[in-house]
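With the sequences and hints as input, model every part of the structure.
Residue numbering for the sequence shown is 1 to 221, as defined by UniProt numbering.
Worth flagging that the hints you see were computed from the coordinates, not collected in a lab. In this text, a Cβ means the ideal position worked out from N, Cα and C, and glycines have one as well. Just so you know, not all the hints are guaranteed correct.
Keeping only pairs whose Cα atoms sit at most 35 Å apart, straight-line, the calculated DSBU-like set for lysine-lysine is [as the list claims (entries may be wrong)]: (1) 64 - 100; (2) 194 - 149; (3) 68 - 194; (4) 100 - 149; (5) 100 - 191; (6) 64 - 191; (7) 100 - 205; (8) 210 - 194; (9) 205 - 194; (10) 149 - 205; (11) 68 - 191; (12) 191 - 149; (13) 191 - 205; (14) 100 - 68; (15) 64 - 194.
Restraint-style ranges between C-beta atoms, simulated for each label pair [claimed, not checked]: (16) 52 - 128: 17 to 23 Å; (17) 108 - 187: 22 to 28 Å; (18) 76 - 112: 26 to 32 Å; (19) 201 - 129: 40 to 46 Å; (20) 126 - 98: 19 to 25 Å; (21) 209 - 96: 46 to 52 Å; (22) 202 - 149: 20 to 26 Å; (23) 66 - 184: 40 to 46 Å; (24) 132 - 201: 26 to 32 Å; (25) 62 - 150: 19 to 25 Å.
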Amino acid sequence: MSNASAIWKKVQRPLAMSVLCGAMLASLSGCVAVVAGGAISGTLAATDRRTFGAQTEDRAIEVKSSVKVNNVGGSAAHVNINSFNRRALLTGEVRDEAMKASIEREIRAIEGVVDVINELEIAGPSSYTSRSSDTIITTKVKASLVDAKDISANSYQVVTERGVVYLQGRVTQREGQIGADIARGVSGVTKVVKVFEYITEEEWKSYQPKSSSTNTQSNQS
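If you want it as structure tokens, here you go:
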């Protein structure tokens with residue numbers, strides 16, 4: 001492991017854990033908050049394997065999707081939308097197949113969306129207890145990813161619905177398998193669904209920080 005990679009692993013856990021804990025508290029209290037300030041958010045955004053443009057589009061897709069879901073389902077639907085690299089993952093519960101299909105059509109029509117992964121269940125809205133449990137599971141999975149060696153936790157997006165963990169991200173086949181195995185080992189997880197966008201090992205190398213020795217040589221040349 002390069003010096004730069006080693007340094008990042010040392011700071012990654014406190015940064016990520018600050019964000020994870022803050023996110024869990026915000027979710028359970030139902031409030032919207034700036035979790036850990038601009039410095040941490042900027043650091044995590046910079047290590048995201050999506051382009052900044054894709055990250056911005058994903059946030060816009062999620063906001064637009066929430067409005068459309070509310071218009072279609074109202075109180076009869078509990079739908080979570082998580083967009084990663086313009087691929088929208090839909091989880092939660094809806095009243096019937098017609099509503100499930102209608103929501104998917106509305107999301108697909110949003111500008112910028114390249115795919116929709118529809119994991120909606122036909123059921124009544126989940127309870128507050130169930131959603132709180134899912135939030136805790138998500139936090140535990142993310143913390144376990146941070147603790148793991150040879151992977152970057154910020155390369156994974158974790159969504160939990162009724163104990164089922166969905167993993168998104170731009171990862172190699174190797175990283176995807178490691179992440180899935182880690183998630184399966186977390187208590188409370190009933191199933192792991194991989195919805196990754198796979199990259200090659202060569203692409204993976206391009207995301208790795210350059211070693212300090214390489215930087216020093218560059219400066220001396």
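Agreement of residue 194 and residue 149 with the hint, judged by alpha carbon distance not exceeding 35 Å: 20 Å, holds
Hint check for residue 96 and residue 209 - Cβ pair distance inside 46 to 52 Å: About 49 Å separates the Cβ atoms of residue 209 and residue 96, which means 46 to 52 Å holds.
Are residue 100 and residue 205 close enough, with their CA atoms no more than 35 Å apart? Measuring from Cα to Cα gives roughly 40 Å; hence the hint is violated.
Proposed proximity, residue 149 with residue 100 (alpha carbon, max 35 Å): 39 Å, violated
Whether the CB-CB distance between residue 201 and residue 129 falls inside 40 to 46 Å: 42 Å, holds
Has the hinted range 26 to 32 Å been met by the Cβ atoms of residue 132 and residue 201? Hint violated: Cβ distance 39 Å, outside 26 to 32 Å.
Tell me if the straight-line CA distance from residue 191 to residue 149 falls inside 35 Å. Between residue 191 and residue 149 the Cα gap is close to 23 Å, so the pair holds against 35 Å.
Beta-carbon spacing of residue 66 to residue 184 - inside the hinted bounds 40 to 46 Å or not: 30 Å, violated
Against the 35 Å threshold, does the CA-CA distance of residue 64 and residue 100 hold or violate the hint? Answer holds: residue 64 to residue 100 is near 17 Å, not above 35 Å.
For the pair supplied as a hint, residue 205 and residue 194, confirm whether the alpha-carbon distance does not exceed 35 Å. 22 Å, holds
Given hint residue 191 paired with residue 68 - CA-CA distance at most 35 Å: Within the cut-off at roughly 29 Å; holds.
Please work out if residue 100 and residue 191 have their alpha carbons no farther apart than 35 Å. Holds, because 22 Å separates the two Cα atoms, which is no more than 35 Å.
Hint violations for this structure: numbers 4, 7, 16, 17, 23, 24, 25, all remaining hints satisfied.
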